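Protein sequence lines correspond, in order, to chains S and Y.
Note that the numbering used here numbers the first sequence so that position 108 is 198, with each residue one more than the last.
Note that the numbering used here numbers the second sequence so that position 204 is 205, with each residue one more than the last.
Since the hints were made in silico from the structure, they are not lab data.
Errors might be hidden in some of the hints.
[Claimed, not checked] Reference excerpt, derived from the structure (chain Y facing chain S, CB under 8 Å, subset only):
1. Pro-5
2. Pro-11
3. Phe-43
4. Ala-49
5. Leu-94
6. Val-97
7. Gly-158
8. Gly-169
9. Leu-178
10. Ile-206
[Said to hold, decoys possible] For each label pair, taking beta carbons as the anchor points, the in silico distance ranges come out as:
11. Y:Asp-212 x S:Met-258: 19 to 29 Å
12. Y:Tyr-211 x S:Ser-262: 20 to 30 Å
13. Y:Asn-133 x S:Ser-262: 39 to 49 Å
14. S:Arg-240 x Y:Asn-134: 42 to 52 Å
15. S:Phe-244 x Y:Gly-169: 49 to 59 Å
16. S:Ile-226 x Y:Gly-169: 51 to 61 Å
[What the hints assert, rightly or not] Under 8 Å between C-beta atoms, here's a sample of chain Y residues computed to sit facing chain S:
17. Ile-120
18. Tyr-124
19. Ile-163
In this text the structure is predicted, and so the values were computed from the model without any measurement.
The C-beta atom is built at its ideal place from N, Cα and C for all residues, glycine as well.
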Amino acid sequence: MEKIKGLLYICGIFTFTFFHNIYLYILLIFFLFVLSGKEFIPIVKKTLFSITIFSSVVTASYVFINGFDWQYITLVNVRVFGITFMTFLFIKRVNLFKLFSFSENLMFIIVLSYSQILTFQKYLTDFRFALKSRTILKPDFSDRYNFFKRIVEFFMKSSLDRSKEINMAMKSRGFYTDE
Amino acid sequence: MHIPDGFLSPKTYIPAYVIASGLWIYGIKKMKKELEDKTVPFLSVMAAFSFVISLIMVPIPGGSSGHAVGIGLLSVIFGYWTAFIVLSVVFFLQAVMFGDGGITTFPVNAVIMGFVGGITSYYVYRFLRKINNTFALFLAGYMGLLISAFFTAVVLGIQPYIAHNKDGNPLFFPFDLSITVPAVLVPHLFIGIGEGILTVVGWNIYRRIYDGKD
Numbered sequence: 091m092e093k094i095k096g097l098l099y100i101c102g103i104f105t106f107t108f109f110h111n112i113y114l115y116i117l118l119i120f121f122l123f124v125l126s127g128k129e130f131i132p133i134v135k136k137t138l139f140s141i142t143i144f145s146s147v148v149t150a151s152y153v154f155i156n157g158f159d160w161q162y163i164t165l166v167n168v169r170v171f172g173i174t175f176m177t178f179l180f181i182k183r184v185n186l187f188k189l190f191s192f193s194e195n196l197m198f199i200i201v202l203s204y205s206q207i208l209t210f211q212k213y214l215t216d217f218r219f220a221l222k223s224r225t226i227l228k229p230d231f232s233d234r235y236n237f238f239k240r241i242v243e244f245f246m247k248s249s250l251d252r253s254k255e256i257n258m259a260m261k262s263r264g265f266y267t268d269e
Numbered sequence: 002m003h004i005p006d007g008f009l010s011p012k013t014y015i016p017a018y019v020i021a022s023g024l025w026i027y028g029i030k031k032m033k034k035e036l037e038d039k040t041v042p043f044l045s046v047m048a049a050f051s052f053v054i055s056l057i058m059v060p061i062p063g064g065s066s067g068h069a070v071g072i073g074l075l076s077v078i079f080g081y082w083t084a085f086i087v088l089s090v091v092f093f094l095q096a097v098m099f100g101d102g103g104i105t106t107f108p109v110n111a112v113i114m115g116f117v118g119g120i121t122s123y124y125v126y127r128f129l130r131k132i133n134n135t136f137a138l139f140l141a142g143y144m145g146l147l148i149s150a151f152f153t154a155v156v157l158g159i160q161p162y163i164a165h166n167k168d169g170n171p172l173f174f175p176f177d178l179s180i181t182v183p184a185v186l187v188p189h190l191f192i193g194i195g196e197g198i199l200t201v202v203g204w205n206i207y208r209r210i211y212d213g214k215d
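If we strip away everything but chain Y, and leave its shape as in the complex, we get:
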């Protein structure tokens, strides 16, 4: 998901900045209302938590491992607005300080992974938690990442249609939806397992710390 700068056209990143800015303003207002003066320290430390979580390899049964982002975990614990704002801070710092991603892809990542992914995880968990809490948590993490991957594939796949020269040759990302959707989704069917495991493990740890139960 860490697309460098130069692959997304202005027709993509400018509207993405407009949408993301609106969501950031609303999200920060909502967070400030809930957390009051705790907003700044909470947001900063959770951004660092999410950043470090993305560096940890989650062991997957079968001997493999994958990276998680923490979309599901942040969303089910703190709500999707907090997840969105925290992940936006992480993506911004990754882009400018650590060279992971880019400044034009940052709002796209924030909206898709932070907001769409966060909202998916939140509602998947809410709808399924009465059936089985662990299953709901796993699926919340899994679906949050998978839906984010799908929309990332769509954003990449529409580039040849919206940004091409007079001869119809692409100017930015060259592959259309028929290539990007399977190319991005198939590996994420597997990577999502790591996100699901992280959501279950992280939630249980959080409950143990705060509620004294598993």
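Okay, chain S solo, but in the shape it has when bound:
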């Protein structure tokens, strides 16, 4: 089932990029909205958050340089919105780890990377709060530089240590067959 969804997603990408018809895009987006069901609003929010800056800069620059060509502006912005919405809907509906289950290594890389990223993101937030809670005025260059150095050191050391630990954990659980 995951593979069929993956195939449909690729077809969707091709439809949005091989055809240049605004009405077709709107029809597809409406269909995607229906498919999203209760998750419609969170996905729309996530989509807008993801595309707004880049699309706004391109659109504003285009209007400034070439004037208001509504057809081009609508075509590009609707396409960008449609593909991004479809991608987020796809991620919500498909278990990415199952999708890549055809390759054990690929699946492990995605699972491990994602879990490590979430852990590291949490650490980084803690570091930022720690700096904020310990400074009243805006930190000067040397403070910010020292803070940056310590963070890089922490994450580099953690990464190298974790890499060894995970390797040993995988070995001890029989993920590799020693020859």
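Following the hints, put chain Y in place on chain S, whose structure we already have.
For chain Y alone, coordinates are given in the frame of chain S:
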């Protein structure tokens, strides 16, 4: 560099996937040969490291700060093939899990930033390290990012030439090379400083952890 989906034509992203796939296959084989069973954990954790590094603001003298990617750092420490594979994993997860970038721009980012940027950093460092190690490291990070920015500008700037309608109006990214090259390169002349600083700092930390010297 985080271009969303919809701005690159199929004439760009399909060849990019073909090129990237070839490089991924070769790169993973090369990594597996060097790291053997350590490949999966090393790759995964380094991808997380690179991801988190890209979220940290690097302080730049003058009171400002910029984001780094870690192209130079990964490349000078682990080699450009490892840098390419690690950054490819990062760009993929950024595109699908975190909404940063897109699935059609992912292979372009991987080839340009991961491979071209990585190879640039690696050879800049190799050629200059005998003159001055710190200078070589800084320039490796700086040039890796700058060359990546240049090629990104080229990929964006060729869109109006390769994807337009019968009237010559663009269908994807609208600006040509005369706009994209300066628009992308000028800010990266500044952002590259952050990448250079990260490469120097990261390399010294790595040496301290492993060699016991700075």
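How the hints compare with the structure:
no.: 1; hint: Pro-5; verdict: 5 Å, holds
no.: 2; hint: Pro-11; verdict: 5 Å, holds
no.: 3; hint: Phe-43; verdict: 5 Å, holds
no.: 4; hint: Ala-49; verdict: 3 Å, holds
no.: 5; hint: Leu-94; verdict: 6 Å, holds
no.: 6; hint: Val-97; verdict: 6 Å, holds
no.: 7; hint: Gly-158; verdict: 13 Å, violated
no.: 8; hint: Gly-169; verdict: 12 Å, violated
no.: 9; hint: Leu-178; verdict: 14 Å, violated
no.: 10; hint: Ile-206; verdict: 5 Å, holds
no.: 11; hint: Y:Asp-212 x S:Met-258: 19 to 29 Å; verdict: 23 Å, holds
no.: 12; hint: Y:Tyr-211 x S:Ser-262: 20 to 30 Å; verdict: 25 Å, holds
no.: 13; hint: Y:Asn-133 x S:Ser-262: 39 to 49 Å; verdict: 45 Å, holds
no.: 14; hint: S:Arg-240 x Y:Asn-134: 42 to 52 Å; verdict: 22 Å, violated
no.: 15; hint: S:Phe-244 x Y:Gly-169: 49 to 59 Å; verdict: 54 Å, holds
no.: 16; hint: S:Ile-226 x Y:Gly-169: 51 to 61 Å; verdict: 59 Å, holds
no.: 17; hint: Ile-120; verdict: 22 Å, violated
no.: 18; hint: Tyr-124; verdict: 23 Å, violated
no.: 19; hint: Ile-163; verdict: 13 Å, violated
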